[in-house]
Amino acid sequence: MLRRPALKDPRREHASFRARAWIGYALILLALAGLLARFVWLQVVQHQEFVTRANANRIRLVYLPPPRGLIYDRNGVLLADNVPAYRLEVVPERVPHMQAMLQQLAQVVPLSAEDLRRFRDELAQHRPFQSVPLRLKLSEDEIARFAINQWRFPGVAVVPYLMRNYPQGKLFAHVLGYVGRIDESEQTRLDPELYAGTLQIGKSGIERQYEGLLHGKPGYELVEVNVDQRPLRVLERVPPTPGRNLYLSIDARLQKAGEAAFAGRPGAAVAIDPRNGQVLALVSVPSYDPNLFVSGISDADYRALLDDPDKPLLNRALRGLYPPGSTVKPYLALGGLELGLRTPQDTVDSTGEFYLPGQKRGYRDDQRGGVGRVAMVQAIEQSVNTYFYKLALDMGIDRLAAWMSQFGFGRPSGIDLPAEASGVLPSPAWKRATFHQPWYLGETVIAGIGQGYWVVTPLQLAHALATLADHGVAHAPRLLLAEQSGMGAPRVPVAPAPATPSFATSVPDWDTVVQGMVGVVNGDKGTARGLGVGFPYPIAGKTGTAERYSRTTSAYDTHLTNAQLAERHRALFECFTPADDPRIAVVVVLEHGAWGGSAAAPIARRILDAWARERDLPDTPLTKAPPG
Amino acid sequence: MNVTLARLRHALLRLIVRPRLDLPLAAALLLLAGVGLLTLTSAADLDVRVIVAQATRFVLGALLLLAVSRVPPVRLRSLTPWLYAISTLLLLVVAVLGEGRGAHRWLNLGVLRFQPSELLKLTMPMMVAWYLAQRPLPPRWRDMAVVGLLIAVPAVLIAKQPDLGTALLVAAAGVFALFLSGLAWWRIGVLFGSLVLALPIAWHSRFIHQYQRDRVLTLLHPESDPLGTGWHIIQSEIAVGSGGWFGKGWHQGTQSRLEFLPEHTTDFIFAVFAEEFGLIGVILLVALYAFIIGRCLWIAVNARDTYSRLLGGALAMSFFVYVMVNGGMITGILPVVGVPLPLVSYGGTSAVSLLTGFGVLMSIHAHRKLVDSRV
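Protein chains in written order, with this note's numbering: chain H, 1 to 628; chain U, 629 to 1003.
None of these hints come from the bench; they were simulated from the model.
No residue lacks a Cβ here, since even glycine has one placed at the ideal position from N, Cα and C.
Mixed in with the good hints there might be a few duds.
Unchecked claim - Coverage of chain U stretches by chain H, computed from C-beta distances (three or more under 8 Å per stretch; other residues unrestricted): (1) 669-679; (2) 859-867; (3) 912-926.
What the hints assert, rightly or not - Computed list of chain H residues with no C-beta within reach of chain U, every gap over 12 Å: (4) ASP9; (5) GLU13; (6) ALA19; (7) ALA21; (8) ASN57; (9) LEU64; (10) ASN75; (11) ARG120; (12) PRO167; (13) VAL225; (14) ARG319; (15) ASP349; (16) GLN359; (17) ARG368; (18) PRO428; (19) HIS592.
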């Protein structure tokens, strides 16, 4: 069919157009309906998801780390606080080339390898658009230099924060410990909610022990941000709950006096209130500046501390292990009385040498030729070895160990500090378990003068002494006295650890021993005679001189100088005062001291002097307001 | 001097007193412009300069609409080849001298900068209608070839700028005229089939820019690069989806106010509207567009001659393409091409050229046949 439509047909064209127009319109409406269906899908079916995503876009959760609780001594002397500081933070999403940025930034603000390592670690686990700390504790110079160059480093900012500060420096390092950056293992252990925004955690000492009290609870802000992550307004704010302020039983004056008395010689001193176990001083010399650790200690500083032969990082009061030497004699004497092995009047003849039947090796007195016949009080006063060799033998090692363990020897005192050493109270069972060897009688003999396997920590000895002073009532040593929920809030005293009931059966027995100890200080022949001169209260004490090396010869060598002796001896001294109503018990261990009486006792006296200047220590913290 | 002034005053008076306007269409356009300004006010975060600039364009566009509505279609028809030639020539000039960020689209005339491609949105359907109106209809292969050439030359030039969106709109306007002229369905089938066949070849040709390819690919997997090419689509969908049934309220859209939604005053303003006024608002807006398109088609159907009919119909249907392409883009069903939402998106030439187009429709309406042909 061939038709040639040469002519236009307006009527037909119009009809055709009308048809096409309406078909077209129908198709258009169909397409628009399809478009609307898409809107329904997005706005109705998937509405909730998109609401969530819109909020995720604009709402940032900014954690507000809580200010860490302050730490005071018992009189409100500030031991640890927080000071404003500045750190560099990076929002990784806003840094186009991280590697190049870090290289350039290092030329403006020094970045240590440790900073970079830590930064990379935290980068790997950071939340989107949360900033990652790069460098802590910027100096003013560094802040200024960065400010000039800031435009070169998008996503990097100087951010203020509160830095832990120890105003007393190294004086309290072994009590307080320090805070440091949260490390990987802690990160996995910690409640992420509680530590959100917090960089540091207590690593040792009180800071670690009472982390739960000191830390507080973080707050947060819901911030509305724009596409550049610039915060525009705060939608919601929950302020952080600051950590609780802690009041320690420590008296800064005693601590200071004790530390000064050591004059840098390695050793430790512990002062305890025997009535309640409150620790009044806990000194370990040498010490270190805990402020070094707060912002991450430099490799050089850390190496120096580790390589120091005097081991400043070692908490000698808590972890130093020393043979107690003659300081155990009062406890042993008391055991002799309580177990019915001795009466105060029983005498022993000191000839200078003591032999076990059938053995050639002798056990010496400190004085050549001995001191003659002595009863218990003189034996303590003059520290007569022979008296205690015999007593130890009569008691036998099993009874000795059982008796001594009541004073807390051989186990941690239970002080509220982490990582306390337990020392060793030897017994046949202990030796079998440790060395798979039988017990020898000679070991019982030297146990009588605190030698052999027997080692104690200064704290342990102080705890034993306090138990002795309080007539057999053992109070676990405590550092935490009170807590406070904020500046000006009432101090809430912390209940002391419950004391065990006294194991004393005869008070006169205990008085006999104390009499001997008073003789040590006040008697004519006392090993620490003269120590109590000018002191307002009677002092009961006991010296101890422990040998660091076993002797190779039994010969007396009187030509040794004090310096040479100090190289060989550890000097110990224990004392409490007032002797009739003990309120403070002090133990001093000097690692290189010639004799307990001459080297260690004066240190104890300095602590007692500081204590006596206050005349009276109240049982509860003073109501004096803390400074600031 | 006095005489000219008097004549001008007279003309203006006539414009106002006896405008030859289709009142429903004019009312719908006024409503749309109002909605557009309202949305823009929010999207531009109450920036007065933006609102004033847009309102000024609307006024300018309205004046052009009124002026064009007084030009009889016969006169338009006689000018058509010239207008088409001039606008295509300008495209060539732009290709050589044009300026613009990344793409050569703008022509700087000293006084004003404009995109010659906008002219083609009007002159293209005019030209196709002009050609077809003098041919016996329905068109045959030869006509199709001529029309194809008329479409292809400017479309290719525009696409080369590269401005695929406008090229698409321009080409669509021509194709719609062809469709409305009664092109046989089987020919449409053949045409469509060959287009489908040509698509893979075009996809791999140098004619398609890599970024254009990326946009299409992004549409399929926007989450593959959420901060890069997928950003627009994702943020737009979030804006639309979070609007829900009733929207977040005027100036309460967080996606636009906080600038997560890019281009939120221009190409993505529909997403702002959907975020703030919800599905209800979207339905009403789409209904308004549907009404405008329908009304324009009705005007075209009642036009005096074939030229007017084809031109009016093509303009009406290309208006639909705007809405569809923009709506599809912001809801993530069509690739991101720079097609504004008519009379809502912020932008100069688009609003003016659109209103001029409606001026042509008003003119067609004013010069419709006085007697219904069916009688």
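Evaluation of the provided hints:
1. 669-679: violated (count 0)
2. 859-867: holds (count 4)
3. 912-926: Since 6 is at least three, the answer is holds.
4. ASP9: Nearest chain U Cβ is 8 Å from H:ASP9, so the label is violated.
5. GLU13: violated (5 Å)
6. ALA19: About 8 Å separates H:ALA19 from the closest Cβ of chain U, which leaves it inside 12 Å; violated.
7. ALA21: With a cut-off of 12 Å, H:ALA21 comes too close to chain U, as the shortest Cβ separation is near 5 Å.
8. ASN57: violated (5 Å)
9. LEU64: Check passes; 22 Å lies beyond 12 Å.
10. ASN75: About 54 Å separates H:ASN75 from the closest Cβ of chain U, which puts it past 12 Å; holds.
11. ARG120: holds (22 Å)
12. PRO167: holds (45 Å)
13. VAL225: Nearest chain U Cβ is 7 Å from H:VAL225, so the label is violated.
14. ARG319: holds (53 Å)
15. ASP349: holds (94 Å)
16. GLN359: Per Cβ check, H:GLN359 is outside 12 Å of chain U; nearest 87 Å; holds.
17. ARG368: holds (89 Å)
18. PRO428: holds (73 Å)
19. HIS592: Nearest chain U Cβ is 66 Å from H:HIS592, so the label holds.
Of the numbered hints listed earlier, those contradicted by the structure are 1, 4, 5, 6, 7, 8 and 13.
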